[in-house]
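K.L.:
Listed below, chain by chain, are the residues.
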Amino acid sequence: MSDEVARILGQTKPAPSLKPAPLLPQGTGGLEGFDEADFNEAGYLRRNPDVIEALRRGEFKTGYQHYAQYGIREGRTVPGAPVERRDALIATISGGSEEPDPGDFRCAVDTVIVAHRAGVMVIGWADDASTAIDCVRVISRAWHLVFRGASLVRVRRQDVEAALGGNVTHPFGFFGFVHAPDLVDMADGCTVEIWLKNDSMVSLQQPMHRVGEIELRNLVLGYLAGADFFGNQQIEGAAAVDRGLGRHVVAFNRAITSRITGAPYVERFGTLHRQPRGSIVVCLYGKSEFLAVQNCLFADRPGIEDYEFIYVLNSPELGEKLLREARASTMTYGLPQTVVVLPGNAGFGAANNAGVVASRSSRILNVNPDVFPRDPRWAARHTALLDERPAEETRLFGAALYYDDGSLMHGGMYFEMDTGISLRGGDFHPERVVRTEHYGKGAPAWAEQFVRPRPVPAVTGAFMSSDRAWYETLGGFNEDYVFGHYEDADLCLKSLQRGTPSWLQDLRLWHLEGKGSTRQPQHEGGSLVNRWLFSSLWGETIMDGLLGPAPTHPALAMPPVGTAASTETPAAEQPAQTGSKRSRRQRRAVGKTP
Amino acid sequence: MKVLLISVFHPELVRGGAQQVCYELFEGLKQTPGIEPILLAAIDPSHTALYKSGARITGFDGREGEFLFLSREYDYWWHKCSDPRMIEAYVEFLKIVQPDLIHFHHFLLLGFDLIAVTRRVLPNVRIVFTLHEFLSICAADGQMLRKYDHSLCTRSSPVRCHQCFPDRGPEQFFMRELWVKRHFDVVDMFTTPSRFMIEHFVQWGLDRARITHVTDGQRDYNFRHETAAPRRQHNRFGFFGQMVDNKGLWVIVEAVRQLRSEGFTDFILEINGDNLRYASEARRKEIEEFLAAEEQRPLDERIVFFKGSYDMEQLPQRMARVDWCIVASVWWETFALVISEAWMFHRPVIASNIGAMKERISHDVDGLLFAASDARSLAETIRRAATEKGLWEKLVKGIKPPPTRQAMVDGFLEVYHGQ
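Protein sequences appear in the order of chains W and E. Read left to right, the first sequence gives residues 52 to 645 (my numbering). Read left to right, the second sequence gives residues -8 to 410 (my numbering).
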């Protein structure tokens, strides 16, 4: 019971008794999608003294409970913004506002953007420094949508600050997005109502800008990436995504991805002379020439005849070129390969999963297009690992990857947690986001301790070998991540959760990772969402023994000598975190002296 | 032995050292008993009239054993043949010709990938590759000149190459090196026309045992075996070649300016060449303005005369008009055929003191060397050449006959036979 409600209760005279009915489960019936936090408790009680009396008698815990059970059916009204589902499309206007206070606060809507069967985005600002936004309603001809105030991403708007004057540290700007696959009516204009918690409302007539679904996704992500927050941008960005936007973006992106992966073009080149031991699945984006370069550098190496290549293209505009590359390269280098052209960018995880569908072996090797053999015998060694090592060491494993300068790029991955304080609503909220780190990144090639075979928290998707049945049992890469990032760690954690840690095996390849192509704003926005998603999914798991370079999780302890990987590495060569003293905990976790 | 010679361009269509040498070899092999040479010359789509509809490889102008590879969609970064139909045509050509040996004189307009295709189609064929410049090492047109200051480059590395191409990351050059070397794995023997080149390629990573030196050679264009008659003064200098930046014509122009400013004008310079349009904009403008100003001068004040392009048949007349040849190249050069051409006519050469020029010319014995890219050094050398009594005669006596076509053919036959 809030202070305000308590104050009201203290001032109210006794009221007639109300017979309580059995409690309805919260979030059902008329209040589905309308949380208690959004309910104008004080206003409802002010209007209904009998409810206050019932609360006094202990028949109800809150006015919200009364309203959900009786009030809504009795036609009782709630002052302020309509009580209706939030952050979801509603086919018709189910309830109007009742006697809103005339809006006297300053606000504006910059734009409302809609995409057919996709969603609605609204961008604007409001002077709600003293009384917060309750909700923003977008009302079109045949639907309306209520953005929950707490779900809106609140951003700093220096232009608004300048216009309003004063010296208030407040995120006046807002933007919201709701995934709405049922949205079909595309009127030219709409009404936008901005409601404050004090029941005042301003109604604005707005044009609606219509875009395609991909453009809408990119606009949402781009706006998120460019958002200016008070405080730590990463922490505040993650917190903003967590309040609702992330869930909608993920659902929206997933819908796009499903449509894209549902209609691939598949063409095979060359002849399989025998059943391949492994399928090398490569996701291409933007650069088709990597197919030829990989063909050249992988071909005619010992053991490569046991492998097929599956190239999955996320850039359909390069499809024809890639098919020509594949045809030419098969003639030139003799490798059998399959090209899967997707009609859009499905992202890393979904594209790799599509490649697995097209593969013809029981072993999947997810390999980045800029990964090349450093050891000419890598393929033969990979096959030998499958034949000679215990199954639990090879069910899912990665390889040592090296930069072009010769230093180590990857010797397994571990997790760190970034913590920070997010300030919203005048309160501090601790926020935690997970960061992935690589063992031995930048270490000299002779630093063998980082590439010693061992179980690790995760391995990079730049090179990941997995038993196909296990990969499929795990559901493959999680396709919820936008564009790509964290799918590899996600898969490794799914495996670990089911009892099989990922391993780092002693295979050595180049990973000629550069600064990458120019990242668009939507990619940056996708990164924010992905980091939030990964942290939401795995944060608790990671905190339980998987944090830091020397995790204590029992599954990551080295198996006894003679049953698993070689433990010949002397203690002096065990991994240590650069610049820090190695603790007993670290020693126990990362190595074992015979 | 059936020998397939693969050339970049055909000298009949585009002038250039690599194709000229390849064609000289082709002509020489035709006269060699037991050898049946075939020439496949790659050309680019600028020769529109020769691109017959639907054709990828055609004959050439009714010449026996000469074919054109009609390159299309060539990838100039990876040096790759992007059109699978070109590869199919090449495979078919190989199967028809069935050569015993394939001698690549370049990969430009063909692609490194065609070397790999060759090995795949003909696993037992002997593959010889003549390195006519450093394009396999250096993405900057194979010149090994730092692009940002035009200084000589002595070795490639991912970071050094990135410095020349700031838009490309170091890893792209690492990848390029892997790519090139992987294709070179199938080559049985490399040859270079100069010995100093071997060191560049060994440093880059080629096995020294797989590289040998075979000189470039030419037929003798001094048809009438004329000798250079002594004159009272030997103050006529000639430039022969492409008027592009790397050939150093701009160094010569600066040297002339300097000598004129010093009051030394008792000499002339004749420029025989073409392709100024391929020079950098700054150098082209500089040379054009200089030549225009020179033309405005009264005849008795003129030093520089632009004589224009020439073909090899005209070489005797052009050479007869000068006493000295200046080879002012600011890059390494890999043989500098123009030195041979000067020597055919007993003209001593004044050359930059680097690379192939330094290797071929003995200073003060058969020519003069000056500090490369240094106009002051060249000016002093020109003044000395024009004024020092007895110098010209001494150097002419020191000139040895340049390598002949037959010497080159004999050198390659040794390589062909694996000796």
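What the hints contain is simulated information worked out from the structure, not anything from laboratory work. It is possible that part of the hints are untrue.
[What the hints assert, rightly or not] As a list, the in silico SDA-like pairs of lysine to any residue whose alpha-carbon atoms are at most 20 Å apart:
id: 1; chain 1: W; residue 1: K338; chain 2: E; residue 2: D158
id: 2; chain 1: E; residue 1: K138; chain 2: E; residue 2: E285
id: 3; chain 1: W; residue 1: K338; chain 2: E; residue 2: E64
id: 4; chain 1: W; residue 1: K372; chain 2: E; residue 2: R274
id: 5; chain 1: E; residue 1: K388; chain 2: W; residue 2: R192
id: 6; chain 1: E; residue 1: K172; chain 2: W; residue 2: P424
id: 7; chain 1: E; residue 1: K172; chain 2: W; residue 2: G457
id: 8; chain 1: W; residue 1: K338; chain 2: E; residue 2: D66
id: 9; chain 1: E; residue 1: K138; chain 2: W; residue 2: G457
id: 10; chain 1: W; residue 1: K338; chain 2: E; residue 2: A80
id: 11; chain 1: W; residue 1: K372; chain 2: E; residue 2: A80
id: 12; chain 1: E; residue 1: K172; chain 2: W; residue 2: A350
id: 13; chain 1: W; residue 1: K372; chain 2: E; residue 2: E64
id: 14; chain 1: E; residue 1: K172; chain 2: W; residue 2: K372
id: 15; chain 1: W; residue 1: K338; chain 2: E; residue 2: R274
[Unchecked claim] To give an idea of the interface, some chain W residues facing chain E are shown, with a C-beta separation under 8 Å as derived from the structure:
id: 16; residue: E104
id: 17; residue: G337
id: 18; residue: E340
id: 19; residue: A343
id: 20; residue: V344
id: 21; residue: C347
id: 22; residue: L474
In this text the structure is predicted, and so the values were computed from the model without any measurement. Just so it is clear, CB atoms sit at the ideal spot from N, CA and C, and this is done for glycine as well.
K.L.:
Now, for every hint given, state plainly whether the structure supports it.
P.N.:
Here's how the hints hold up against the structure:
1. K338/W / D158/E: holds, 16 Å
2. K138/E / E285/E: violated, 30 Å
3. K338/W / E64/E: holds, 16 Å
4. K372/W / R274/E: violated, 38 Å
5. K388/E / R192/W: With Cα atoms ~101 Å apart, K388/E and R192/W exceed 20 Å; violated.
6. K172/E / P424/W: Holds, because 14 Å separates the two Cα atoms, which is no more than 20 Å.
7. K172/E / G457/W: This hinted pair holds, its Cα atoms lying about 17 Å apart.
8. K338/W / D66/E: OK: K338/W and D66/E at ~13 Å, within 20 Å.
9. K138/E / G457/W: At roughly 26 Å apart (the allowed maximum being 20 Å), G457/W and K138/E break the hint.
10. K338/W / A80/E: violated, 26 Å
11. K372/W / A80/E: Holds: K372/W and A80/E sit about 19 Å apart, inside 20 Å.
12. K172/E / A350/W: holds, 13 Å
13. K372/W / E64/E: holds, 11 Å
14. K172/E / K372/W: violated, 25 Å
15. K338/W / R274/E: violated, 36 Å
16. E104: violated, 74 Å
17. G337: At about 14 Å, which exceeds the 8 Å cut-off, the nearest Cβ of chain E leaves the hint on G337/W violated.
18. E340: holds, 6 Å
19. A343: holds, 6 Å
20. V344: holds, 6 Å
21. C347: Holds, about 5 Å.
22. L474: violated, 39 Å
Hint violations for this structure: numbers 2, 4, 5, 9, 10, 14, 15, 16, 17, 22, all remaining hints satisfied.
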